[in-house]
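Please take these sequences and the hints and turn them into a complete structure.
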Amino acid sequence: MKKTLAILSLIVLLFLLPLFAGKYILYMTIHIMLLSLFSLGFNLLFGYTGLLSFGQAGFYAAGAYGCAKILLAFPSLLVGIIGGVAVAGVASFLLGILCIRHTRIYFSMLTLSFGMMIFSLAWKWRDMTGGDDGLVGIPRAPLEIPGLIRLNMTSMENYYYVVLVFSLLAIFLFHRIVHSPMGLTFQGIRDSETRTACVGISVRNYRLISFTIAGMYAGLAGALLPPLESTVTPPVAHWSYSAEPVLATLLGGIYTFPGPIVGAFLFYVLKDIIVRFTQYWLICLGAIVLVLVLGFRGGVVSIFYGKGGQG
Amino acid sequence: MNDIIRTEGLGKYFGEMAAVHEVTLSLKEGLFTSIIGPNGAGKTTLINLLSGYLLPDRGRIFFRGTDVTRMRPDKRVKMGISRSFQVMNIFPRLTVFQNILLPVLSRLNKNSRPLASLRSQKEVVAEAEKTLQEVWLQEEKDSPAGELSHGDQRLLELGIAVASNPQLCFLDEPSSGMNPIERIKVLELVKKLSAERKTTFAIVEHDMDVVFSLSDWIVVMNRGEILAEGKPTEIRDNQEVRDIYLGEEI
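Chain order of the listed sequences is P and D.
Position 93 (the first sequence) corresponds to 93 in the working numbering; numbering is contiguous.
Position 149 (the second sequence) corresponds to 149 in the working numbering; numbering is contiguous.
Derived by calculation from the structure, the hints in this document are not laboratory data.
Just so we're clear, the structure is a prediction, and the values are computed from it rather than from any experiment.
Certain hints may be false.
[Unchecked claim] Per the computed footprint, the stretches of chain P lying under chain D, defined by three or more beta-carbons under 8 angstroms from a beta-carbon of chain D, are: (1) 171-179; (2) 182-189; (3) 194-205.
C-beta: ideal position from N, C-alpha, C; glycine also.
As structure tokens, then:
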């Protein structure tokens, strides 16, 4: 009951935020939501299925570039976002077929390689991606459902609500997935793939499903970025960008449902505080992650769930 | 009595070493079979081949007349072949109940539902509860499996193996690491499950008192080959088996 109340209060607070918060807080909250979605997808692979991917930024970029290209050609926010997710979903499905044949370090290296191939494409395929200049002048197109609704997105507040609604829906969906029979199957694979196969489950099929869903979550986060920034550049596909959901998940808690969300919040708050004092914020953040990982192996959330507990 | 599983010239080789060599064997439906032999005889490799965990280099495997030689382990489970492992193989981070839920979900083809609530799967939950009772783990239902005692983890592994309601179940040293009293209890439980669930069990076991008292049929392996097979009395009287494995104490 307390948990439900706390969650409801948080949702109400997020809906009321534009009434009293400035543009910077809204901008940062949007980024926290994007990193939350990105990290949730990463954690489905790592925390729930036991596959450590270093290439999720590739799918984030696929979503971002997909959405940006659509918005430049056809200014409809909904089509752009759905299109971006679809591009990331197709990319993760196709690359997943190759990656999920391996596990452990081999899987990680494959995802890293494919992620960097997507980065190279973004960098070199100038006609499609704008090369190192990226895609610029991406419109924050109106949210339109013909005959039903047309919302102008020029104000930050309106776009904040779009991101919030998409994030809440995606988080709710994620909660259903990880608490469903399919979610339990993912966790079985994480704990013992041989045992899972020997209870009649096709490990490869479920790894591929997990990989594709994770890619789509990364794609959704990526697709929500271009309308905010009006630009997409190749660094969003770089492997170092893949480290952000890793850090956020480690901060929040690997095996828990809310871990990545809490971690994304902590990541941005810590970053925001540290960059006020030094440009070497990553060193400080790394030290904090180190202390947290050594002190709370299950992340900050484990304080509430118990060590390594599952949520 | 019908053959439930049959092999023809089965072989598995690791470099020069023949882990299993030219094994032609048939296990009869309904007979409680024990596979015995000295360490390195090829018992676990044979189970790995029959359950699909390893693919053979030579020979064929037939389950109820169907060729399953190249079939993946998950497909064999769907056909009715289940197993436990020599080294403990459970889902340590999941609860005991979730450990049993997974094979039941899989058997009923309900584990692919991404949005269904686990609690709403009433048929699955009822079956998992029944299996938990059968293996005496009802009270540990919500404990993380990795925190159970060794004996309880062995029981849980037995529960996972039978939860998929197999027609044929291989148990690789199901009582290893247990004291003699626990061992007898567990193997009697296996015998009981065999009768109640109409499952054919084939076990690898080193406790010869238990093997000879519970088995209907015994297969003796040595150096990757079948040395002898027969009823317990026949095996006990087999001089070659006594010389190589049993000694004179049986």
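Hint check results:
no.: 1; hint: 171-179; result: holds (count 4)
no.: 2; hint: 182-189; result: holds (count 6)
no.: 3; hint: 194-205; result: holds (count 10)
In summary, the structure agrees with every hint in the numbered list given earlier.
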